[in-house]
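Asks: Here is what each chain is made of, one letter per residue.
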Amino acid sequence: MSGGTGSTGSASIGEAVMEVREVRKAFGSVQAVAGVSLTVAAGQVVGLLGPNGAGKSTLFGIMAGAVPPDGGSILVGGHDVTSWDPWKRRRAGIGRTFQVPRTFERLTVSDHIAVAVAAEIGSTFNGWRSADRWLPRRALAKDRGIMPVLEMTGLAHLSSRVVGSLSFGERKRVEIAAVLSQRPGILLMDEPTAGISAAEATDLVELLESIKAERPELAIVLTSHDMDVFFRLADEVLLMLSGTIALRGAPEYVRTHEATIDSYLGSSARNQLPEGQR
Amino acid sequence: MRPSSLLRRQPDAPGDGGLAGLAGRWARGQTGADVIVAAVLVIANLVIVTWFGTGFIFVWLLIMPYIIAASGTNITVGWTGRLSFGHALFFAGGAYVAAKLATTNVPAGAVVVPLICGIVAAALSVPLSVVAHKRRGVYFSVLTLIVAQIVYSVVQNWSWVGGGSGLSNVYVQNLGPISLVSSDAFAWYSVIWTIVILIGLRALYRSPFGLSCRAVREDGLQAETLGVPTSRLFTVSLAISAFITGIAGAILAYSETTVSPTQFYWSVSGTLVVMCLLGGRFSVLGPAIGAAVYIFIQDQLFQNSASAADALTGGSFLLIVLVLPGGLISIGERIRAMRAGDSAAGLQPPDFLRELFADSKR
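Going down the list, the sequences are from chains A and B. Counting in the numbering used here, the first sequence runs from 20 upward without gaps. Counting in the numbering used here, the second sequence runs from 34 upward without gaps.
Keep in mind that the hints were calculated from the coordinates and are not lab data. Only true hints are included.
Examples of chain B residues lying across from chain A (beta carbon under 7 Å, computed):
hint, residue
1, S240
2, S245
3, E251
4, T258
5, L259
Note that CB positions come from ideal geometry on N, CA and C, so glycine has one too.
With the sequences and hints as input, model every part of the structure.
Replies: Below, the structure written as structure tokens:
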């Protein structure tokens with residue numbers, strides 16, 4: 020169970036690493052996701068745009084394995100992972116962060132990362148070695164160091180702090196650091212900039228850009244309300260409306276499209292655009 | 034910042050002074066305090082065996098199996114964060130196996146029989162895992178309680194294990210040529226088991242496995258998302274928890290020389306949980322301290338009367354809820370906070386109440 024980067028790790032840029040085929044999910048009479056298909060290629064950054072209730076988070080849950088779909092399938096690196104639990108999907112190469120950060124509150128920052136690293140190098144069930152001394156060395160030997168990722172994410176000075184004592188933005192960073200320490204092939208980020216300050220959001224985008232520069236084969240799917248995030252990061256933006264993908268294309272195309280403007284600002288806002296973009 | 038300082042960690046419950054500090058440093062393995070804990074137990078044993086009367090030796094011989102049982106139970110209650118009301122099943126299960134094997138000649142029986150008791154208890158944990166591994170909070174508590182109560186009813190009506198009256202004449206087997214039946218020899222035997230298990234638990238607590246258990250307690254979905262197979266991890270942790278509690282059962286059976294179906298009763302599970310909470314379940318030493326204090330008070334102040342045990346359980350809960358949410362192990366920290374004028378520090382409702390009524394899954 021060495022984990023590694025999973026079945027998406029060896030994909031070359033442009034090769035499809037994840038395929039979503041016609042997934043559907045209803046909660047009672049509400050069709051949250053109504054037949055969505057999309058393909059994510061290695062190195063691609065896909066932005067999922069959509070107003071509240073459009074089904075973005077449900078689609079995320081389905082892709083990450085936290086929400087079982089009513090129909091359709093998810094393929095990762097050619098394997099059908101639709102029925103796989105989240106932990107098994109992680110080993111197939113999917114990493115994920117949540118809209119509201121989910122962290123191990125009573126653990127220290129470095130312990131939080133250690134849990135992720137132990138899972139990644141297949142040491143979760145090791146009950147006789149020290150997580151303080153042996154694990155960081157072992158992780159480093161397998162190129163999954165705890166300290167390097169803390170330094171990269173700007174958390175090194177907080178490494179011995181208890182996660183529960185950190186700010187919202189810092190906890191978000193801890194969650195991202197834990198996922199990054201595992202080097203997933205696909206990173207699903209649900210609202211990475213929600214609830215943090217503009218300065219923190221800028222830092223986060225810069226962090227993602229530097230990771231992309233370091234690992235160009237990493238595929239990222241992210242949702243956001245923040246158009247600036249899409250503009251700086253995304254190669255392709257999908258607009259979700261009422262559980263379906265209403266529009267897809269380059270960020271600039273989607274941003275200025277009337278469907279986007281109508282769903283975000285109401286149709287009256289279109290009149291305020293420059294003449295050529297209405 | 035130097036790398037060595039970056040690798041330093043804080044315990045789950047922060048604080049470096051007093052009892053919690055010692056326990057924290059011990060859990061982190063910074064002070065070589067395995068030796069200190071071993072020394073404290075050995076000296077206590079020496080003093081009790083040498084200078085105290087037989088009356089107190091019997092309390093001491095009761096304290097040790099409960100230290101082991103509470104520490105084992107705490108893997109479920111404190112590490113993975115699930116209030117089990119079924120650990121009497123493993124505790125009494127271990128005791129009954131020891132009783133049935135008391136007259137069988139097992140090679141190196143003094144060591145092997147308790148290990149067999151532990152293995153049987155671990156096997157008993159498997160059906161419980163199957164039923165309850167995806168449940169948390171009060172759902173988990175009720176499920177474990179029901180399973181243990183079913184076994185209680187079965188044992189009470191099963192003549193092979195003595196039915197309602199249980200089994201008697203349960204004595205520890207010889208260690209080679211050495212008889213361990215005298216209370217002095219048995220005290221040394223118990224104290225060695227206690228030391229070995231506490232040291233083993235500390236290593237396990239700080240291992241990737243122990244750390245992952247605590248991560249699952251904090252957020253099961255996040256742990257699973259990070260690739261931790263949470264169900265399998267819980268099954269293994271419950272088996273280890275049962276294994277240690279089963280060993281404790283054997284030592285209790287030897288200490289009391291009898292076993293009875295009342296040991297399977299749910300209130301025994303409740304007592305083990307209270308010991309964990311009383312001492313402080315977010316540390317390795319907390320449950321041991323909780324067990325020692327609980328048994329000491331029950332025996333010395335209330336002469337083991339049943340209604341007094343209920344009062345003690347209730348009193349412990351009141352203490353934890355109103356004054357010491359972190360258990361006895363946090364007492365130094367609490368006093369310091371009060372001295373600093375921050376009397377409300379750490380006085381949030383204890384986490385176990387929140388956990389008990391949290392979501393049922395993961």
